[in-house]
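Asker: Sequence:
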Amino acid sequence: MEHINGSRKCPFNGESEQLNGDKDNGFVKTPLRIKLPQALPLKNHVIDFESADNLHSKIDEESTSVPVPCGEKVCLSSVMHIPGRGETPRTPEEVYKEAQVFIKQFYRSMHSEDSVRHRQRINEIKEEIDKTGTYQLHYVELVFGAKTAWRNATRCIGRATWRNLTFLDCRSVTTATGMFDALCRHIKYSTNKGNINSAISIFPQRTDGKHDYRIWNPQLIGYAGYRQPDGSVIGDPARVEFTEVCKKLGWKGEGTAWDILPLVLSADGKAPEYFDIPREIIMEVEMEHPKYDWFKELGMRWYAVPAVSNMRLDCGGIEFTATAFNGWYMSTEIACRTFCDINRFNMIETVASHMGLDVGANPPIWKDKALVEVNVAVIHSFQRDQVTIIDHHTASETFMNHLKNENRVRGGCPADWIWIVPPMSSSLTPVFHQEMALYFLRPSYDYQPPAWKNYKWIKPDTGTRTVKRKFHFKQIARAVRFTSKLFSSALSKRVKATILYASETGKSEQYAKDLATIFGHAFNTQVQCMSKYDFYSIEHETLLLIVASTFGDGVPPTNGTEFMRLLLEMLNEEKQNQVEEKLSFSAGSTPYSSSTPRSLKRMTSILAASMEFSRQASKQNLQREISRSSVKSGMGAASDQISALSNVRFAVFGLGSSAYRKFGHFAVTVDSILDELGADRLMPVVRGDELFGQEQTFRKWSFDIFQTACETFCLDENDMMKDAERAFDLTPLTPETVRFGKPLADLNIIKALEAINRKQLSTFKVEEVKVIGKHEPTDSTTVFVNLESQENIHYEPGDHIAVIPSNPKDIVDAILSRLTDVDDYDKKVQVLVLKEKLTPTGIVKSWGSHDDLPPASARDIFTRFVDITTPPKTPVLKYLASACTDEKEAAQMRDLVADSNKIDDWNYFHHPHLAEVLAQFPSCRPMGAVLAALLPPLQPRRYSISSSPAVHDKNIHLTVAVVVFRTQNGNGPRRYGVCSTYLQNLTHGEEVLAFIKKAPTFHLPKQITAPIIMVGPGTGIAPFRGFWHHRRHQIQHSEVKPGQVSLYFGCKYKEMDLYKEEKELMVKEGVINNARLAISREAGVEKKYVQAFLDEDGADISRMITQEKGHFYVCGDIKMAEDVQQKLKEIIIKHEEMTEEEADDFVISMMNENRYHQDIYGITFRTAEVNSASRETAKRTRCESIR
497 MEHINGSRKC PFNGESEQLN GDKDNGFVKT PLRIKLPQAL PLKNHVIDFE SADNLHSKID
557 EESTSVPVPC GEKVCLSSVM HIPGRGETPR TPEEVYKEAQ VFIKQFYRSM HSEDSVRHRQ
617 RINEIKEEID KTGTYQLHYV ELVFGAKTAW RNATRCIGRA TWRNLTFLDC RSVTTATGMF
677 DALCRHIKYS TNKGNINSAI SIFPQRTDGK HDYRIWNPQL IGYAGYRQPD GSVIGDPARV
737 EFTEVCKKLG WKGEGTAWDI LPLVLSADGK APEYFDIPRE IIMEVEMEHP KYDWFKELGM
797 RWYAVPAVSN MRLDCGGIEF TATAFNGWYM STEIACRTFC DINRFNMIET VASHMGLDVG
857 ANPPIWKDKA LVEVNVAVIH SFQRDQVTII DHHTASETFM NHLKNENRVR GGCPADWIWI
917 VPPMSSSLTP VFHQEMALYF LRPSYDYQPP AWKNYKWIKP DTGTRTVKRK FHFKQIARAV
977 RFTSKLFSSA LSKRVKATIL YASETGKSEQ YAKDLATIFG HAFNTQVQCM SKYDFYSIEH
1037 ETLLLIVAST FGDGVPPTNG TEFMRLLLEM LNEEKQNQVE EKLSFSAGST PYSSSTPRSL
1097 KRMTSILAAS MEFSRQASKQ NLQREISRSS VKSGMGAASD QISALSNVRF AVFGLGSSAY
1157 RKFGHFAVTV DSILDELGAD RLMPVVRGDE LFGQEQTFRK WSFDIFQTAC ETFCLDENDM
1217 MKDAERAFDL TPLTPETVRF GKPLADLNII KALEAINRKQ LSTFKVEEVK VIGKHEPTDS
1277 TTVFVNLESQ ENIHYEPGDH IAVIPSNPKD IVDAILSRLT DVDDYDKKVQ VLVLKEKLTP
1337 TGIVKSWGSH DDLPPASARD IFTRFVDITT PPKTPVLKYL ASACTDEKEA AQMRDLVADS
1397 NKIDDWNYFH HPHLAEVLAQ FPSCRPMGAV LAALLPPLQP RRYSISSSPA VHDKNIHLTV
1457 AVVVFRTQNG NGPRRYGVCS TYLQNLTHGE EVLAFIKKAP TFHLPKQITA PIIMVGPGTG
1517 IAPFRGFWHH RRHQIQHSEV KPGQVSLYFG CKYKEMDLYK EEKELMVKEG VINNARLAIS
1577 REAGVEKKYV QAFLDEDGAD ISRMITQEKG HFYVCGDIKM AEDVQQKLKE IIIKHEEMTE
1637 EEADDFVISM MNENRYHQDI YGITFRTAEV NSASRETAKR TRCESIR
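Here the numbering used here runs 496 ahead of the position in the sequence shown, where the first position is 1.
Any given hint might turn out to be false.
[To be verified] Subject to a maximum C-alpha distance of 20 Å in a straight line, what follows is the list of computed SDA-like cross-link-like pairs (lysine to any residue):
hint	residue 1	residue 2
1	Lys1548	Gly1594
2	Lys1331	Thr1230
3	Lys992	His634
4	Lys1584	Arg1599
5	Lys1341	Val1460
6	Lys1266	Glu1412
Think of the hints as simulated: they come from the structure by calculation, not from any bench. Quick caveat: nothing in here was measured; it's all calculated off a predicted structure.
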């Protein structure tokens, strides 16, 4: 035996004999344990290459281990039994010790080892163990544990896809009937019409060893074996003993070779029960040979799903004695071990005889020939029926790649060579020539004694069965529905669905909650904001649904930026891993560049510069610029790469406006990156357009993705499916589930508004409101607002202020007068909602406060908290219809709601606020609590700050265009913008609540020498006023010569030339070097837009941005911003002699360098012609998509 580190014997059993240098060369046992070698060389004898296994020497750090069975002089690695820890339950001290090691593994996998939450979790576990003697693993912990146990499975050649394991949480099951139902669903899900899904179902954990849950079957599906009087067996000889157990319980098979054994299950330590598995959910493959017709006449068949069900999961000190785990078959498992082993079906001689081979020949090479043809038949038959299977050569190559990857990532890979090497053509496979290290890590799947061996039979001598009941699937289904709808609900909810949202205004959040209501009928649903989501648990998700808004022209919501950054980081890491794998796997091959892809660099740099997301690469950029190698598992490739998210199913819904060029861009990009990371897209990304049919688009997508998810997870037969479908047509809140009650907390108005807006608000006092631009014929008015802060404020020129508005008093009073459940409009109340909670004893209903409506008076609720000026959405109109006492009016409103196109046209034409709707339907008398709960929240309005803190340290200036428009194509009544009208009507000394919204990508350059070009028509001039104030202050306090400043301002009429005198003064003082005014609608004045002046000054602009590294700023509506960017590209092409593509790349590079800045807003009612055109386009697009 070779000497290893001076020791001679098996290096894995923890003992050693030390070489003695004495003259007799004898061996002396050392009284001390020798530390395991730090690096164990493992040689590949084909390519003469040695790898080093370091993982085995880190066992105490990485995992808890199980000693190998080797003795001092005998190696027992080839014995069937894997050493376990026995059947005695762990003590609380042992549980805690194992838990510490496992939880450390778990948080290390999420890059959070020794973090606050890691330490908190350890403390939680310690407290729980001290109280109960054990603890419960969290869902994601158990997912990680189940996957890691497969990763640690030394005898499994197919574990390269360990990340793909789907976890089916059955820990809420308490009866054998429930176990049966869950296992039937497991079979249906894993079968997946032949496209096998690897899955594991895990039932409640072991407690005291007397209340174990057990699946008695060695595999979920198996064929009976009947011992005949002459000693022969009809059926599967490996199942003779278990068949006798089933018969002892009262089961009676038909006596054929292909009788499906029942599931024998025991729950909570109780007596076993057996259940016949419905044959229709079992996929079987009948064997035939592509050349030999006689093979089909042999009548051989086998089932598609190999679901092992007699092993115990040991994870974090907790033992799960009832688990069912499946991957897919390797062909030799069926062809060699099942059909041809002498102690199984032993078909080898029969096949050889049919082939015409001499079965008496010596040496018996005929066996090898026959065995090959049986393998050919099995592979052919599975492929004919499109059932997943892998041949032993491909499996071996895949395992070798997995071994190399594990050595690179983990420092080693425990493997049992005897089991890994296929049972035929062994030396033709690469695993045969690879040395492997055998050691055992936890989490692990361990053998346990057959359940019937330890079961105390009541009447063992007479053979009387313990349980006389026999159930079929349909009977079980009926019984479950009849006796316990709660139980059925708990079963169906074992599949976890995580819904993430990113929202700027709250609409995505509401849609996410609506989606959760639907999915809650069939899934264990959780809703989280992206900013609060534990990103590193994403790879453990089963079903991930994203509802995400896009703010402006491609900008992600603030609460989605960190999620996107981490996604990009994961994608970059994935690409780098692929590079490293190719470099390490392809000895002698040409390495390719490991540099970050161009588009990925662009996205990462932008996000690091705080998310001016309009520069994010689109889906097309990703596909064009990122070398897309396959990251999804495929059975045919030997170099399969299993990505981090390959087990995640996902779908994305995006909200946005088609008025922007990058409509729904954030959602599209998230969808694309998830796909790049190997996640399984259930449906293409869908975008809801705020200009037309957004709500209807979302409802249709919700229904479609729900149906698809149910089919994917085999939940289509559950009664909950019908309940969920009905929920699509129900009003989410009704008079029976919402009411006003006593306040549950005492909050003043500021604290209440902070609660609903999730922001700390600042109080400002109005110093001045004055008109700075007015054009009477077009109702155009712009006001200057000067707000004085009551506290210290921190902002920079270019930042925004978000103002909390108030609804108009006349509209509020009109609504209050129609409410039926309010006597005192100024008495503080709490909106209460009847909530349901699923508990072990049933559904418990209780009244709780509304999540988004804090305690306030009815007047304050409708003035400060809910949006009453936006046309009511479908749920509100449905409720109002139910509140009409006049049936004719109710029918009219229901008719309106029934047709999505009609309601959109009605909203657009009339643009009615809530009071106007109530006026149109006089008999409508709604409840205020229900109405408040259904209405969307009143959103803050953002304005660019028009001042500099260097000049006005206690004040913030606003430049506000007052929104006024007429409905009915300009012929109807006037409508007024909520916040602009609110600000216009403020008087000196009144208080305003607001908060600062940072815009870090729209700040001035840090160097005063950098030239700046400002383009801002209309109120787009707002931030630039702050810029020139700040630049003037810098000039006054600096001796450095400033860079050139150019301003391009445009307006329709001379009366709207904002800050005219200030601009002239700045030019006179040299703060602004070049000020251009473009007037587009003034009679007798040449019509010009800012683009014309940009073109005239093209040479200077080109010099400033290319040679002098100047900054280019654009503020205004989306259409103008697009035209300006196009004009800039034309200038670059003309004056720098670039191609169109080079100009495009140059602008992108300016964005990456944070030298091209945009502050863009969408359509307003002042640009009615653009609004109308965009809406018609959106309407046409949606109608075409529906068709």
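Asker: Each hint: holds or not?
Answerer: Each hint, compared with the structure:
1. In summary, the hint linking Lys1548 to Gly1594 is not supported, as the alpha carbons are separated by about 23 Å, beyond the 20 Å threshold.
2. At roughly 12 Å between alpha-carbon atoms, Lys1331 and Thr1230 fall within 20 Å of each other, so this suggested pair holds.
3. Of the supplied pair hints, the one linking Lys992 and His634 holds, its CA atoms being roughly 12 Å apart against a limit of 20 Å.
4. About 24 Å separates the Cα atoms of Lys1584 and Arg1599, which puts this hinted pair outside 20 Å; it is violated.
5. Note on Lys1341 and Val1460: the hinted pairing is violated, with a Cα-Cα distance of about 47 Å set against a maximum of 20 Å.
6. The straight-line distance between the Cα atoms of Lys1266 and Glu1412 is roughly 31 Å, outside the 20 Å bound, and the hint therefore fails.
When the structure is compared with the earlier hints, violations turn up for hints 1, 4, 5, 6 and for no others.
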